Each structure stands twice: as structure tokens, then as C-alpha cells.
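> Single-letter residue listing:
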Amino acid sequence: MPTLTIDNRRIEVPEGTKVIEAAEALGIMIPRFCYHRALGSVGACRVCAVKIVDGTRKGVQMSCMLDVEEGMVVSTDDPEAVAMRRHVIEWLMLHHPHDCPVCDEGGHCLLQDMTVSGGHGLRRYLGNKRTHLDQYLGPRIQHEMNRCIQCYRCVRYYREFSGYRDLGVTGIGNRVYFGREREGTLENPFSGNLIDICPTGVFTDKPARYFGRRWDLQRGPSVCIHCSLGCSVTVGARYREVARVEARYAKAVNGHFICDRGRWGFPYTNEASRPRAARVDGEATTVGEACAAARNRLLHVAETAGSEAVACLGSERAGLETLKAVAGICRANGWADPLFWLERRARENVAAAVSLLGDDLVLSLRELEAADCVLVFGADPLGEAPMAALALRQARRQGAPVFVFDPRPVELPLDFHHVPLAIEDLPECIRSLVGAAGDRETARGADPTVRSFTDQLAEPSVPPPPEAVAALRTSRRPAVVCGTDVTDAAAIGLAADFAALMKAQGRRAGLFYLMPGANGFGAALAGTEAASLEELLPRIEGGEIRALVAVEADPLGLYPDRGRIEAAMRKLDLLVVLDYLDTDSAAAADVFLPSTTVFETGGTWINQEGRIQIVRGAHRGGIPVSQTGGGGHPPRVFMEEVPGGQAAASGQTLTRLSPAEVKGASEWVRLPPDTDKQSGTRAVLPDPSALRFAPERTALSGAAGDEAMLTVIAVDRTFGTEVLSSRSPWLSAEETAPTVWMHPEEAGRVPLSDGDLLEIDAGGGSLVLPVKIVENMARRTLVIPRHRDAAWQRLGATRLRIERDCIRKAQPVGENAPVKESPPR
Amino acid sequence: MNPDERHYRKLKPVPPQRFRTISEIGEALNALGQGFVTTFRHLFRKPITEEYPEYKRTLPERSRARIVLTRDPDGNERCVACYLCSAACPVSCISMQSAEDDNGRRYARWFRINFGRCIYCGLCEEACPTSAIQLTPQFEHVKREILSMVYEKEDLLVDHSGKDKTYNFYRWAGIRTGDRDKGEHEREDKPVNVRSNMP
Ligand code: SF4
Ligand code: SF4
Ligand code: SF4
Ligand code: SF4
Ligand code: FES
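Chains as they are written, first to last, in our numbering: chain A, 1 to 825; chain B, 1 to 199.
Hint data in this document are derived by calculation from the structure and do not stem from the laboratory.
Note that the coordinates shown come from a computational prediction; the quantities given were computed from them, not determined experimentally.
Check before you lean on any hint, since a few could be wrong.
According to the in silico footprint, chain B covers these stretches of chain A (three or more CB under 8 Å from chain B) [stated by the list, open to error]:
| no. | segment |
| --- | --- |
| 1 | 90–99 |
| 2 | 169–179 |
| 3 | 630–637 |
| 4 | 794–801 |
Far from chain A, by Cβ distances over 12 Å, these chain B residues were calculated [said to hold, decoys possible]:
| no. | residue |
| --- | --- |
| 5 | 27 |
| 6 | 34 |
| 7 | 40 |
| 8 | 43 |
| 9 | 51 |
| 10 | 58 |
| 11 | 63 |
| 12 | 68 |
| 13 | 74 |
| 14 | 79 |
| 15 | 81 |
| 16 | 98 |
| 17 | 132 |
| 18 | 147 |
| 19 | 159 |
| 20 | 165 |
Glycine residues also receive a C-beta, built at the ideal position from the N, C-alpha and C atoms.
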């Protein structure tokens, strides 16, 4: 570890550190444009000049390109270095347009900061400036090439870091141009990071164009709740409107970047249709009266039909406070067990994953990047948790082979091996890998449970892919990634067994689950006794349950059997809904109470690795000034009450409407005192070893291979399926349209060609969808993205098996068009 | 002794004085009489004050009073809603919302100055990069109704260029608007042809 002196201060840093990083560790920020911690150095901008007073290379040097040496003496404020930096900035400014007042970067622009701090206050060059034509890059990013300073950050991020090819650099000399070959929307689902990474205003946030300066925004740290990873973001709001979401650095989670779903998924909070007022029987009223009405009616139901006749349903998108309030209100009033899930499979899967994830195996997103071999089972990272795809790419860039075992046509921005197998074959596939991956002898010696597990392992009916076996043999840091959306408890358990087995072999193996919703983990922890709506439905249908309180949950819109849930909801005497979205359930509610979003009240979310992240609201909320003022100036008279400001956090409202007192509402979430404020803290997970290597997982299920049956899975996509972000108008063009994916062989059996309509008779009715034929998916499988217009709610379940004769080609007639049903009542 | 100290000494309590001689009493009466004489003499002089509001003097152009939003020499709104004036204002009495018009020009959708709070310091004018916001010598705008001191954009916008008769931001800005494309602004070359490698 070399020790060097920077500005008369000594510091010891690891070998290979650049001088610019060593200075940063001392708190000395050397100016930089092209250097970025995530992208490394290229030495393109020359603004990081320092003077090396003593060392092998003396004189003015680029601090981002220079490795530290023992005994090096660096001066950042040497007159020569200062003059060099000032000149570099002046050169960079030669052609910079005179448009800061109309540039959205102004106020948080690195170039502005450097120009001012570098002392270049007056333009000396009075000649002509070179100009560039701009390109249309889609609805989310505004391009203004005149402002470019040729730091190359954008293309390095876009092509090297995130792995997409449609943005590049052309031209020579002074005319270097950063853009696309042709105008058009950027294909990269992580393209929004260009906005954060470009040090000038070339790429700016188009939806927030001209909304306001950063110094005027109410900004606050928050977490993204559009998938289970819980990336850190910074929210900027103004005039009661959330205007921007930016990436916030989180060492252990997302690093410097976020995906576009997280960046532009927020419009649900500003929607004009967002229900802001309480309603009783369709009539608007105050929150206090609606609470009283709900309480009285709930009491009435409990008195007439027994307290067990009331049920309360939360969801995986709600914060932990809300979920705990759901559990608390059920306990305090003696209601039926709290529900957090719509489907039993989801509940079981997440419960299995949470119980099997131990401190010994759990990986953070950052640690996943460091794996040297990644096996992905039953997960589509880009669809279910986009930033996981970017983490896999970083692992791949460092040489890790990536294997994806999934029935879907998985796409990733990296080269990987896709094994498209039927989802029922997944446990068998993992079993075969467990058997083949390592040397059984060491595993046998390790532990009696491990030994008996490997001994009992049935002889695999399918041989494992030889490349995967070869890669695993030499891997020191293998990572197992497993989805919980389309898989089953067997695969989830085997994934943990597999990782644990490799750990037992003395490797640094890790386990990374993807989960549904932002707080699936929290939902699994909040109530271990919790059931799912699917399990409760018979009791609603039988008239046993007479009232339902749905808290930030939308059973009508999201339960996978629309017909059945509608009938069940009609049987209820009372439906109370607390939400901030205008869902179908909210429309059907007898008593509706508005609640607040994460941007207003914050909350606690637990991500899929068990990381507890507490956030506060960024603003107070209420109807945006742009809506109350009709676009013109805000009203000239001021009232004490904020328009639309009646909404309160669901947890609070629940305690308010509960007939019995719910205790300790504020004491639910307690964090250890050493919590890392930046990245949250990982929950202390219970020891899962007793649950690992369960003997029942060694046997074959044998469900696959049945040629008469087809498996239908309704899946998550990057855009258009997640409940909150699918309301974003800026992402709608990138949504996966309602469709059903089929393997050419399966399509040929019907027969169907690309674009034909397919009618599917499933448990919950029939639906018609256009067919998309793709090669890279499993046979005997139909994949349907859960697009809101796909009527997937008629499938009956999000994963089901149907007879082959349940599908047929449909004629394109008007009434068969894939439309969503209107809400009942 | 530093000046502060001197000042401090001067403020020390002075011991009470008593008239000791007849001459001291005479001095006091004399001083009193002189004062009255001066005052009395002024009764017969021509007043040097100007009678406001009967007489209204022309104030220097740079006096700081009521604020206006001016137009560029082509008659277009100058303000680009850059938020610099509102950031500079020490009492935060300027608010606005910027937007983009059909011509691609950034402008203020609404713009409000609360003159009830303004201290007429002129920092907004100093911060303005487009010469849009200007203080005028027009100081007479006191109102009885406090709310009528809140001026909206239509109250602020005037149809002249104020003190700066020439500057037109959009002629220089380099961004594409309805009247000027890339390369058509002052001191600009034609846009680069990125498909050519010719120097
Ligand atoms: S567009 Fe931005 S990030 Fe890319 S080279 Fe130019 S200044 Fe750098
Ligand atoms: S990966 Fe998930 S948590 Fe991260 S920004 Fe995207 S949607 Fe949000
Ligand atoms: S004159 Fe001073 S107080 Fe008045 S608006 Fe301008 S900056 Fe604000
Ligand atoms: S500083 Fe000038 S251009 Fe900017 S908002 Fe104020 S008046 Fe408009
Ligand atoms: S930061 Fe070192 S050359 Fe750009």
C-alpha cells in the first residue's frame, strides 16, 4: 500500500489507485469531466491536471490517469496546474453556446461549476462557434449537442457499462458528435442515466423540461418502489408536484445508476385522476367522516356476523408501516388473518425465499457484480428487476459466464447462455446441476444433511448443459439468481440448496432472489400467519367473510380470475379501500379513503435481499399547483388547507378507523443504531440451515414432458406491467403490447403465424391475444405479459396448465378484441 | 485609542451640571434666542422643498422602484423564465413557472412579484441574463389593498425594451427557435455535417 502526499497531507491507499481517487479520499475534489467512479478514467478532458512534485513522472500530469506511487508528492494548487486547468476550461468553453438561461442543466451543471471555480469568467474568444444539429431521442431525453464538451462519458456508459449499441460517437477533431445513427427513441432501458452522467446539458430530462431549477426543488432521498431491488433515488418536487427522480448513489444496491422504470415511473403521484377525497357510497366527504362510517359499518358487520367475518388485505407495494398496521388491525379486532398476497403461489414462493435466505449466502446487487459465474433460474432480470440485468452485465464484463434457465424469451444486454426450458422442468434442471457441479466427495464430507441430500438426489432425466458444468467447476465465486414470480417453491428451495452446497464446497457462493413488488420481503415478514386472497375466496363466496378492507391493494384489477373476484366482491356487504391510485377496487369501494405515496410520507421498504430502507417524504403533497391553477398562475387567495391535502398514510388511517385500539403504531419499525444511512441495513435473517437440503426436494416431480398440456405464465416486463410505472405516459411507447409469445413449433401445431390472434380458454374465461412467435423460448409454453390491456386477469392464475385444445386460432372480430373489462357496480 | 473605544468613552454618564454663574444663564438664553431667530427668518424665505405631489420631478433612469418585464427589440417577451431573479431575490418575492411555447422559446407561463415584500434592491435586475426584468423610477404604487400589491405577469409586462434597447437573447442563444435554426445565430458557423470526414 503506497503512501503519498497530496497538498502536504499524507495518505495510504491500495496499489492501483489513481491520484484523483486518493485525493478524493482526503476530501480534495480535483476537477474532472471524463473521469467517473463507475466508468473509470480515459484522460479525454484534461481538466484534472495536477503537479507531480516528486515521483517517477514529474510535472503537470492528469491525476485520473496516474497510478499512485510510494513517496509521490502531489500538489493540486501549484500555479502551473491551476493555469493548465484554467486554460483547459477556456478551451472547452470556446464553442459552448450562450444558453445557460434556457438550459435545464443550469444550477446543477458540472461545467458551470468548473468554469466558475476555474476562474474563467469572461469570454476572450470572439470568433464563430461550431454548431451541431440535434436529434429526436424519444419522449424522455432531450438532445442539445452544442453543449457537448467531448468527455465521452455518455458513450462509455451507454456502450461499455450498459451494453447497448444505438448511441455512439462520430466525426473527428472539433466536430465529434454524440448521437444515434438515425433519429429515434433510445433503445436502452437504462438510458435515463445519460442525464445524470453527462456533465453538461446535452442530455436533459424531457418530461421535466423547463419545470424548474434544482435549487427550487424540494429534494429528498428516497427508494424506488417499482421493483424489489429498492434502488436509491433522489426525488425532486415543487409546487406539490413530483418533477424528477434521479439516481442516488448507494454503494451496496444500485451504485450510481437506476433504470428508466424507476426514473420515469412516478407520474401516478401527480395524476389528475388520483383520488384525493374520501368517499362514502360514492359521495365525497371528509376523511374523518369516512373513517367514522367505515368504523361503524365494520363494527356492524362484526356484531352481526362475528369478528371473523372481516378481512384485511395489504399488498407488496405498500410500505412496512402499512403492512404492520394491516397485521395489527386484524389482531386487535380479532378479524380473519391478514392477507398480503392475491395468490397462494406468490405467498408460498416469497415465504420460501425469505426463509431460505441466510446471512451466509445473501448477496447484494453490488456483490452480484463480483461473481465469477452466474446461474439465473426462472427469472427475467430485465423484466422483473431491471438493474439486476445491469449488475449481470458488470459480472460478465469481468469475465463471468452467465447462464439463464427460463422459459421466457429472455433478453439481456450481455452475451449469455439461455436455456429455454419449460418452467416445470426447472427443479429438475437445478437438481441435475447440483449433481454435476461439483465434486460430490467434498460435499459429502461436509455435513450429514448435505450428504444425505446429495445421495438421495435422483438421477437427472436431463443432462445439465456441459458449458454450465464446466464453468461451475472452476468458479470460485458462483452466484445463484432465482426468480419467485414464475417459479415454484421446489425451484426456490433447490436454488438455495445449490448455493449452500457450493458454499459447503468451500467457495464464496451467493444467493440472490428476485421478488414481486417493492416490499415482498416485508410482506413475508409482516405476518407469518398471513394467508392469501386466493385461499380466503371460498370463505367470501360462502358468505362467511362479509367485509373486506383493501389497503393499497387492488384485488379487482389484479386478481388473476376477474370473473370470480367480481362475483366474490359483489357478495361482500362492505368494501373499504385505502389507496392513492384510482384502481378498479377503489371505484367499487363502499368507503374509500385517500392515502399518500412514498413521495409524501415515505416509509420503510425491505428489498429482496432483506435490506431495510427507511425513507422520508420529499414534499407535503396535495393537488399540484399546475392542476389547481389550470396551468396559469396559482390562486391569489390562500387558505390554510392544502387542496387535496386530506390524504394520510394508510397506516395512520387504519389505526384511525379501527374499532379496537391498535397499539404501538409508531414503534413498529426499529433499526439497529449502526444503520448505514446511505444504503439502509440488512435485516438480521433467521438461521435457515434447518430448512435447507430438505429431502423432499431430491425427488422428481415429473410434471413436465406431458405433450398434451401447455403451461401459461403471465409475466412481468420492464415497462407496462408493474402497477405504478405502467401509468407513466412517458414509458407507454416502450411497453410490451398485449401479446402472447409462442415457440415456432407450438405455433406450427395450431397452426398460427406471427400476428395471428390466439384464443385461450383458461380458468377464468377466454382471452384473445395477438401471437408473437419467438425462437428463444421454451416449448409447451405460452408467455403473456401482464399488460393492463391484455385481459390476463381471465387466465385464472398467473401460472397454470391448460389442455392443448384450449387454444385455437381466432378471427379478428371486434368483440373479441383484447380489452379490459369495466369495473362492476 | 481605537475609534470604538472613543465612542464608548463619550457615552459614559456625564455628571449632572448646575448653573454656577449669572453669565452661564445669559449664555443659555442667548443660544435659545438665536435658534428662534433662525426659525423666524425662514418664515419669510422662498421654500426650497418641491411640493409633491403637485410637482413631480423626473427621476434618474436608474432609480429603483416598480419592476417591469420588458420586451426585446423585435417585440417578443424577453424573459426566458430562467429563475435567476427569483434565486437572487433576498426576500423571495418573485415566483414563476417556465414553459416552452410553440416556437421552442422558453418563457414564463406565469410570473408573479409580490411588491408587498419587495425591497427594491435591484438584485433581480442584476441577475437577469436577458435584460428582461428592470426596475423603473416609477415609485408611486402604494395600494391600500395588500393583495393588489401582488403583480401577475400581465401587470408586469410592458411593450418597450426599457433601459437596454438592443439586447436580444434568442439571437445569441444557439438554441433552435421558430425564427432561428442552428447556425443562424450571431457568431455561429453552419452546423457540422457529421457524415463527412472532410476537414
Ligand atoms: S454528450 Fe455529454 S457526456 Fe457525452 S461527450 Fe458530450 S458532454 Fe460528455
Ligand atoms: S431496478 Fe427496480 S428498484 Fe431499481 S430503479 Fe429500476 S425499477 Fe426501481
Ligand atoms: S428588487 Fe430586490 S427585493 Fe425586489 S424583487 Fe428584485 S431582488 Fe427581490
Ligand atoms: S432573470 Fe430575467 S430572464 Fe430570468 S426569469 Fe428573471 S426576468 Fe426572466
Ligand atoms: S478527468 Fe482526467 S482527463 Fe478528464
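> The structure should be examined with respect to each hint, and the outcome stated for every one.
Going down the list of hints, with the structure as the test:
1. 90–99: Coverage by chain B holds here, the residue count being 3 at a Cβ distance below 8 Å.
2. 169–179: holds (count 7)
3. 630–637: As far as the segment 630–637 of chain A goes, the hint holds, because 6 residues have Cβ atoms under 8 Å from chain B.
4. 794–801: Violated: only 0 residues of the segment 794–801 of chain A have a Cβ under 8 Å from chain B.
5. 27: The claim stands: residue 27(B) keeps its Cβ more than 12 Å from every Cβ of chain A (closest is about 63 Å).
6. 34: 58 Å, holds
7. 40: 54 Å, holds
8. 43: 51 Å, holds
9. 51: Holds, because the least Cβ-Cβ distance between residue 51(B) and chain A comes to about 37 Å, which exceeds 12 Å.
10. 58: 33 Å, holds
11. 63: Holds, since 26 Å exceeds 12 Å.
12. 68: 17 Å, holds
13. 74: Answer for residue 74(B): holds, closest chain A Cβ roughly 17 Å.
14. 79: The claim is violated: residue 79(B) sits with its nearest Cβ about 10 Å from chain A, within 12 Å.
15. 81: Given that some Cβ of chain A is not farther than 12 Å from that of residue 81(B), nearest at about 7 Å, it is violated.
16. 98: 4 Å, violated
17. 132: Non-interface label fails for residue 132(B): nearest chain A Cβ at 10 Å, not farther than 12 Å.
18. 147: Given a closest Cβ separation of 6 Å, the condition is violated.
19. 159: For residue 159(B), whose nearest Cβ neighbour in chain A is about 20 Å away, the distance exceeds 12 Å, so it holds.
20. 165: Nearest chain A Cβ is 20 Å from residue 165(B), so the label holds.
Checked against the numbered hints given earlier, the structure breaks hints 4, 14, 15, 16, 17 and 18 and satisfies all the rest.
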